[in-house]
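S.K.: Could you put the whole structure together from the sequences, leaning on the hints where they help?
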Amino acid sequence: MRYHWCVLTRVALLVTLAGVAFAQDQSAAEVFSQYCLTCHNAKLKTAGLVINPDDASNAAANPEQWERVIKKLRTNAMPPAGRPRPDAATYDYVATYLENQLDNAAEAHPNPGKLPLLHRLSRTEYENSIRDLLAVDALPKEMDYSLLLPPDNSSSGFDNIADLLFVSPTIMERYLDAAHKIARLAVGDPDTPVMVNTYRLSPEQPQDARVDLLPFGTRGGLGVRTDFPLDGEYSVKIDLAGVGRDPQQIEISVDGERLKLIPVGGAPGGRGRGSNEDKPVETRIPVKAGPRLLGVSFIERTEARDEAILRPRTRGRGSQPSMINVTVSGPYNASGPGDTPSRRRIFVCRPARASDELACALRILTTLEKRAYRRPVTNEDLDYLMPFYKAGRSAGSFDTGIERALERLLVSPQFLFRIERDPTGIAPGTPYRVSNLELASRLSFFLWSSIPDDELINLAKNGLLDDPNILEQQVKRMLADPRSETLVTNFAAQWLFLRDVEQKQPDLLLFPDFDDGLRQDLERETELFISSILHENRSVTELLSADYTFLNDRLAKHYGVPNIEGSYFRRYTFPKGSVRGGLLGQGSILTLTSYSTRTSPVLRGKWVLENLLDSAPPPPPPNIPALKTEGKQPGETLSMREAMTQHRASPACAGCHARMDPIGFAMENFDAVGRWRDKDGNSPIDASGSFPDGTKFNGIPGLKQVLLSHPEQFINTVASKLLMYAIGRNLQYYDQPAVRTIVRNAEPHNYTFTSLIVGVVESAPFQMRESQAAPRTSAAAGH
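Adding 1 to a residue's 1-based position in the sequence shown gives its number in our numbering.
Treat the hints with caution; some may be incorrect.
Once the Cα atoms are required to be at most 20 Å apart in a straight line, the calculated SDA-like pairs of lysine to any residue come out as [to be verified]:
| no. | residue 1 | residue 2 |
| --- | --- | --- |
| 1 | 558 | 574 |
| 2 | 705 | 753 |
| 3 | 558 | 521 |
| 4 | 280 | 326 |
| 5 | 705 | 75 |
| 6 | 289 | 197 |
| 7 | 697 | 676 |
| 8 | 477 | 750 |
| 9 | 697 | 687 |
| 10 | 477 | 533 |
| 11 | 115 | 431 |
| 12 | 391 | 380 |
| 13 | 142 | 227 |
| 14 | 680 | 711 |
| 15 | 238 | 325 |
| 16 | 115 | 421 |
| 17 | 680 | 561 |
| 18 | 477 | 159 |
| 19 | 680 | 699 |
| 20 | 371 | 325 |
| 21 | 462 | 570 |
| 22 | 182 | 115 |
Label-pair distances were calculated between CB atoms; the ranges are [stated by the list, open to error]:
| no. | residue 1 | residue 2 | range |
| --- | --- | --- | --- |
| 23 | 471 | 199 | 46 to 54 Å |
| 24 | 679 | 143 | 46 to 54 Å |
| 25 | 616 | 53 | 51 to 59 Å |
| 26 | 88 | 558 | 31 to 39 Å |
| 27 | 172 | 342 | 24 to 32 Å |
For the record, the hints were derived by calculation from the structure and aren't laboratory data. Glycine included, each C-beta is placed from N, C-alpha and C at the ideal position.
M.R.: This is how it looks when you write it as structure tokens:
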């Protein structure tokens with residue numbers, strides 16, 4: 002068995018015993034009769050749901066309905082507030098009674114759900130696959146993936162959902178153009194045209210501090226990793242602002258080595274304005290081909306540093322000279338492709354003579370196809386690419402032939418799509434286990450958002466991924482690999498909507514200290530925090546309960562944390578009783594759940610319900626009026642709580658707001674950019690709240706305590722999001738038994754990230770698929 006249904010027998014026994022004791026007082030059918038039939042009867046059909054209490058003993062006959070009921074029971078969402086409710090033990094018993102039936106049925110007849118046979122790589126997966134296939138890690142700005150390829154559609158927050166990753170003629174043209182440019186860059190085509198890459202510095206970016214990655218003793222400017230296509234000269238043009246009579250120096254460095262020091266500003270004798278004030282500065286530098294760290298920055302002056310200390314921090318470029326744009330163009334006077342990581346990855350052999358070229362080309366293309374297609378290579382695969390190699394070789398050099406073949410490989414469906422083929426002769430709608438090679442691809446795109454490496458392909462080719470121990474070993478090996486960081490930057494960033502922080506523009510008048518640098522620091526804090534829980538194999542409950550985070554000096558000042566100096570991030574443990582710690586106290590989350598001028602209890606409450614408790618409220622009805630903060634008296638301003646009380650007076654709004662608002666008000670001591678405050682305007686903040694079931698709490702500490710007193714709902718949410726991301730489709734009612742099994746199997750391991758990930762990999766939806774009703778298309782088998 003490649004998927005485990007462990008502990009189901011134990012759970013079934015416990016539930017049976019609990020049921021015997023419970024039946025002495027009240028059966029599940031009697032609970033539904035007492036608390037649910039008032040609304041969910043054949044006459045009213047409230048919310049489209051009719052409950053027949055006698056059917057509770059055969060929940061597997063209608064799993065979709067009973068999964069819906071289970072969710073309401075587990076969240077204590079029903080009966081609605083004000084109606085008679087059972088006690089906590091009754092909620093738990095009835096939900097477990099239903100879950101046990103559905104889980105046993107799923108074990109006997111697993112339903113892995115439907116997936117298309119063709120699953121196009123998302124833009125992120127394409128970028129990572131190019132990195133791992135060709136060792137091309139940082140495209141020039143002119144070739145940025147956001148320019149080469151269109152953004153992907155998303156569903157439930159994720160952009161790797163197979164059903165939405167369609168291919169239109171326009172998208173295919175973009176892939177053709179991308180393949181041409183990437184192949185030329187990777188091979189080092191000597192005919193590469195001059196590229197012009199302009200890096201525009203954000204007006205919000207402070208330029209009185211050192212830029213990360215650049216040497217100490219510098220300030221402002223930019224540090225950017227980019228691939229230079231050829232050995233040669235490259236022009237660097239710098240647009241300046243604020244250059245005056247004080248002389249300044251600009252340093253241009255590559256990989257930390259200073260190549261040029263350019264004086265700007267000043268005049269003879271240091272009096273008057275410099276003749277080159279605000280005029281662009283341009284120079285040429287020699288650069289070796291390959292990925293390089295280009296630095297363009299000012300040399301920090303003691304006077305400038307003192308000025309920054311004595312004078313309040315100015316937003317954006319402030320009073321010091323600053324850079325507006327940096328334009329890099331080239332290559333000029335190119336001398337060759339150089340010795341780059343991509344050429345070393347591609348050219349696994351070099352022909353010594355003309356007679357060796359064909360054999361070497363076959364070896365190169367075999368290696369590339371095996372990695373790109375995620376499987377062993379056939380003669381048919383090679384026969385498909387060799388004409389492109391031969392045409393390129395006839396038109397130019399051996400390298401040109403490889404470039405043409407590579408260009409064609411990068412637009413092959415075998416590369417652009419994850420293709421899974423139904424076994425021959427299988428009846429439509431039949432569940433079956435995917436092949437080892439298909440499982441290897443599922444695993445690598447789950448953990449790395451990229452292609453499998455040679456070790457994983459070789460294990461799959463030899464059928465060894467059938468062994469659960471080997472499979473688990475591979476999961477742990479892959480999580481230890483730096484490529485697993487994509488679980489933070491891709492999975493977690495989409496799950497928690499961290500990418501939306503970039504779009505937030507807090508009001509400049511209300512929040513003058515908020516700039517692009519702080520925005521990046523807020524994102525980085527959350528990334529480092531989640532990464533620590535993942536790679537230190539901590540319990541996912543620490544996403545809520547952790548007493549530590551990662552801070553630099555700028556972020557520490559924003560949070561009011563003393564005695565932290567330096568722009569680098571370091572782990573910081575909050576004092577006991579601090580309101581910080583965990584996701585709910587981080588500025589990234591608090592900023593993305595606010596408006597530009599104020600906080601929003603609704604946005605914050607909705608974010609918690611949707612992303613942490615998997616209990617999103619329904620969409621609001623149309624024509625909802627805007628929130629009014631004006632009081633009855635002239636000049637009177639209502640507090641947020643007063644305004645929301647007035648807003649939800651409508652019965653149509655009250656139901657959803659009763660769940661969202663208490664959560665949002667618990668976070669109200671944090672302003673719209675995540676700073677602590679005691680008052681909203683002149684009104685003291687009331688951060689107390691209560692849930693519809695009567696549970697009361699006060700502030701962030703109280704909210705955390707409530708969430709962590711019954712962590713199962715949060716853990717279920719993490720497991721659900723991981724499974725959705727892993728299989729590339731929205732979860733359905735028939736996936737819930739798999740989610741519950743993942744959570745149960747992780748319980749002995751304290752719900753660590755690794756245990757949940759292993760559970761996902763061992764689950765039926767991850768290891769199985771359902772055969773398609775339609776016959777296999779020619780595209781699925783073609784190139």
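S.K.: What are the numbers of the hints that this structure violates, sorted from low to high?
M.R.: 7, 14, 18, 20, 21, 22, 25, 26
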